[in-house]
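Peer 1: In order, the protein sequences belong to chains A and B.
What the first sequence shows, in the numbering used here, is residues 1 to 309, in sequence order.
What the second sequence shows, in the numbering used here, is residues 1 to 282, in sequence order.
A portion of the hints provided could be inaccurate.
[What the hints assert, rightly or not] Pair ranges (Cβ atoms, derived):
(1) A:L88 - B:P200: 38 to 44 Å
(2) B:Q14 - A:F254: 21 to 27 Å
(3) A:G164 - B:I137: 46 to 52 Å
(4) B:T62 - A:N250: 28 to 34 Å
(5) B:S228 - A:S10: 49 to 55 Å
(6) B:F266 - A:L206: 38 to 44 Å
(7) B:G12 - A:L88: 52 to 58 Å
(8) B:A170 - A:L117: 43 to 49 Å
(9) A:F254 - B:K270: 44 to 50 Å
Quick caveat, the hints were computed from the structure, so don't treat them as lab data.
The C-beta atom is built at its ideal place from N, Cα and C for all residues, glycine as well.
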Amino acid sequence: MSSLTPTSRSWYKRNEIALTPWLFLLPAMLFFAVYVIVPIGQSFWISFHQWDGLGEKTYIGTANYERLLGIGDQNIDRKFETSFWNNLKWLALYLLAVPAGLFIALFLNQTVRGIRLYKSLFFFPFVISQVVVGLVFSWFYLPREGLLNAILGLVGAGPVNILGDPTLATYGIIAAGLWPQTAYCMILYLTGLNAVDPEQVEAARLDGAKGYKMLWYIILPQLKPATFIAFVVTIIGALRSFDLISVMTNGGPFGSTRVLSFYMFEESLSEFGFRMGYGSAIAVVLFFIMLGFIGYFLYAMWRDEKGAR
Amino acid sequence: MFPTPIAKKSRGYQRTYQAVLPIALVLWLLPLIAVAMFSIKPAADFANGNYWGWPSSFEGFTNYGKVFLESNMPRYLMNSMFITIPTVLGAIILSSMAGFALGIYKFKGNLFIFFMFIAGNFVPFQILMVPVRDLTINMGMYDSIQGLVLFHVAFQTGFCTLFMRNFIRALPFPLIEAARVEGVAEWRIFFYVVLPLMKPALAALAMLIFTFIWNDYFWAVVLTQGPSAQPVTAGITEFNSQFRAAYHLMSAGSIVAALPPVAMFFLMQKHFIAGLTLGAVK
Numbered sequence: 001m002s003s004l005t006p007t008s009r010s011w012y013k014r015n016e017i018a019l020t021p022w023l024f025l026l027p028a029m030l031f032f033a034v035y036v037i038v039p040i041g042q043s044f045w046i047s048f049h050q051w052d053g054l055g056e057k058t059y060i061g062t063a064n065y066e067r068l069l070g071i072g073d074q075n076i077d078r079k080f081e082t083s084f085w086n087n088l089k090w091l092a093l094y095l096l097a098v099p100a101g102l103f104i105a106l107f108l109n110q111t112v113r114g115i116r117l118y119k120s121l122f123f124f125p126f127v128i129s130q131v132v133v134g135l136v137f138s139w140f141y142l143p144r145e146g147l148l149n150a151i152l153g154l155v156g157a158g159p160v161n162i163l164g165d166p167t168l169a170t171y172g173i174i175a176a177g178l179w180p181q182t183a184y185c186m187i188l189y190l191t192g193l194n195a196v197d198p199e200q201v202e203a204a205r206l207d208g209a210k211g212y213k214m215l216w217y218i219i220l221p222q223l224k225p226a227t228f229i230a231f232v233v234t235i236i237g238a239l240r241s242f243d244l245i246s247v248m249t250n251g252g253p254f255g256s257t258r259v260l261s262f263y264m265f266e267e268s269l270s271e272f273g274f275r276m277g278y279g280s281a282i283a284v285v286l287f288f289i290m291l292g293f294i295g296y297f298l299y300a301m302w303r304d305e306k307g308a309r
Numbered sequence: 001m002f003p004t005p006i007a008k009k010s011r012g013y014q015r016t017y018q019a020v021l022p023i024a025l026v027l028w029l030l031p032l033i034a035v036a037m038f039s040i041k042p043a044a045d046f047a048n049g050n051y052w053g054w055p056s057s058f059e060g061f062t063n064y065g066k067v068f069l070e071s072n073m074p075r076y077l078m079n080s081m082f083i084t085i086p087t088v089l090g091a092i093i094l095s096s097m098a099g100f101a102l103g104i105y106k107f108k109g110n111l112f113i114f115f116m117f118i119a120g121n122f123v124p125f126q127i128l129m130v131p132v133r134d135l136t137i138n139m140g141m142y143d144s145i146q147g148l149v150l151f152h153v154a155f156q157t158g159f160c161t162l163f164m165r166n167f168i169r170a171l172p173f174p175l176i177e178a179a180r181v182e183g184v185a186e187w188r189i190f191f192y193v194v195l196p197l198m199k200p201a202l203a204a205l206a207m208l209i210f211t212f213i214w215n216d217y218f219w220a221v222v223l224t225q226g227p228s229a230q231p232v233t234a235g236i237t238e239f240n241s242q243f244r245a246a247y248h249l250m251s252a253g254s255i256v257a258a259l260p261p262v263a264m265f266f267l268m269q270k271h272f273i274a275g276l277t278l279g280a281v282k
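The whole structure should be built from the sequences, with the hints applied where relevant.
Peer 2: Structure (structure tokens):
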């Protein structure tokens, strides 16, 4: 480098186009590496240890995973099993937000007076924090004071304690989660519907297509980008569910509403001592479940990227 | 337009639609309306079992006054502000630079770096939790606003870079070429050519990040502990234990906690939706 000193300015000038992007990328990459990329690796490393978060880490090989998945002569961790099945329930039911969002978007895609305000108000639940959504719904479900039971009482149905019933609690929480998520999908579809080619619709109408057939063959193909994003955000949202569970039931009753993200948190920072190694092993399992989806999303985006060039 | 515009349908159909619209809205927002009702009721109504009847007196001012004067709520709201605003600024600065680099220049590894940002943005928080908490403790920033801000900036940079890069990619490239022919330095192109064109994207992104960070709960619980640094999402649990079973106060508290992003949304709706639906149309 020293030989370049007298001409360093021109050296920079000559390589300006090659250097500039790296200079501009540097701060973002640094932050992202320190807080996102490196921690992923560290979590893998920690998952092979027993660690209380303070003292020394003890290397125990794959013992955490064996205990978690019940490899060898031990039984599968029951809490893990419940969490995993609940995650699947979340995933399957949360996806109802996509058709529900489409339905509301179709309902609202009209030009009557005040429709803009209606659209905003329908979208409104998405802007509220999940913590507040959780509180709102847990009060809505209250056995004595809750509005749900007040309504059920009107039609003569007995009071149900949704969040107190291990068989119902998870569904109650998912329903709360569907509320903002449906709003999100709705707004994606409303924007998509705005961009639907009116000439194609008219042409199809002249050919006698209408209603359901029109939707399926003409409209939905044009809504594909919106559908893709709706699926991405809904799947990620389902696997990330934490706030609602923490606020509404804190994993209960009898641990029936745990999901992997919640169970991981509980193990790592539990009141009975921190089990960071075991927690990290749960996080790694969750990470691999998500990686399947992330891989697919990236592949789909990469395909588009190739097509665009 | 699909479905068929209502104006082309029969009179009766139009009337029905106009009537169903408000009913559907009320049903959709029912849980929220219930909470708003709770928040203006006097405590006596709950003692008397008058949960869903008309409030026996309007106590909105008393209830909301208590939230602001007799709890840590103002403190939590301030913390949320001090966490959210620097994060928005930081994430936007970092990501507009990174987005510029990835959107304008062709170099080896461009797409790879871009995809790293996207992938990182999708990972579960839990895989980051233990190391990030550890790092924050080691830097002496556990239970501090700075600790939260640093993490949020880093994590949001992933999403923001995706957004910025795609926006910059759609700008007319000849503009940049023209500037280069004129001999404008690359960093000047960023400041004087690209940045002014990015104003709508910056506004949209600022809105979105504001909402995301204000509403964050997980990291608030992982990285902070008490009223000194906790944002309102985490503070509300403490608030609720202070007013255990006083539903009128808890309702008022959660409405206060939810309000800032809601206000932002209604003020800057256009930008917000533009940000949220980027990529929903091609």
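Peer 1: Does each hint hold? Answer for all of them.
Peer 2: Against the structure, the hints:
{"no.": "1", "hint": "A:L88 - B:P200: 38 to 44 Å", "verdict": "40 Å, holds"}
{"no.": "2", "hint": "B:Q14 - A:F254: 21 to 27 Å", "verdict": "52 Å, violated"}
{"no.": "3", "hint": "A:G164 - B:I137: 46 to 52 Å", "verdict": "37 Å, violated"}
{"no.": "4", "hint": "B:T62 - A:N250: 28 to 34 Å", "verdict": "31 Å, holds"}
{"no.": "5", "hint": "B:S228 - A:S10: 49 to 55 Å", "verdict": "53 Å, holds"}
{"no.": "6", "hint": "B:F266 - A:L206: 38 to 44 Å", "verdict": "41 Å, holds"}
{"no.": "7", "hint": "B:G12 - A:L88: 52 to 58 Å", "verdict": "46 Å, violated"}
{"no.": "8", "hint": "B:A170 - A:L117: 43 to 49 Å", "verdict": "30 Å, violated"}
{"no.": "9", "hint": "A:F254 - B:K270: 44 to 50 Å", "verdict": "47 Å, holds"}
Comparing the model with each earlier hint shows violations of hints 2, 3, 7, 8; every other hint is respected.
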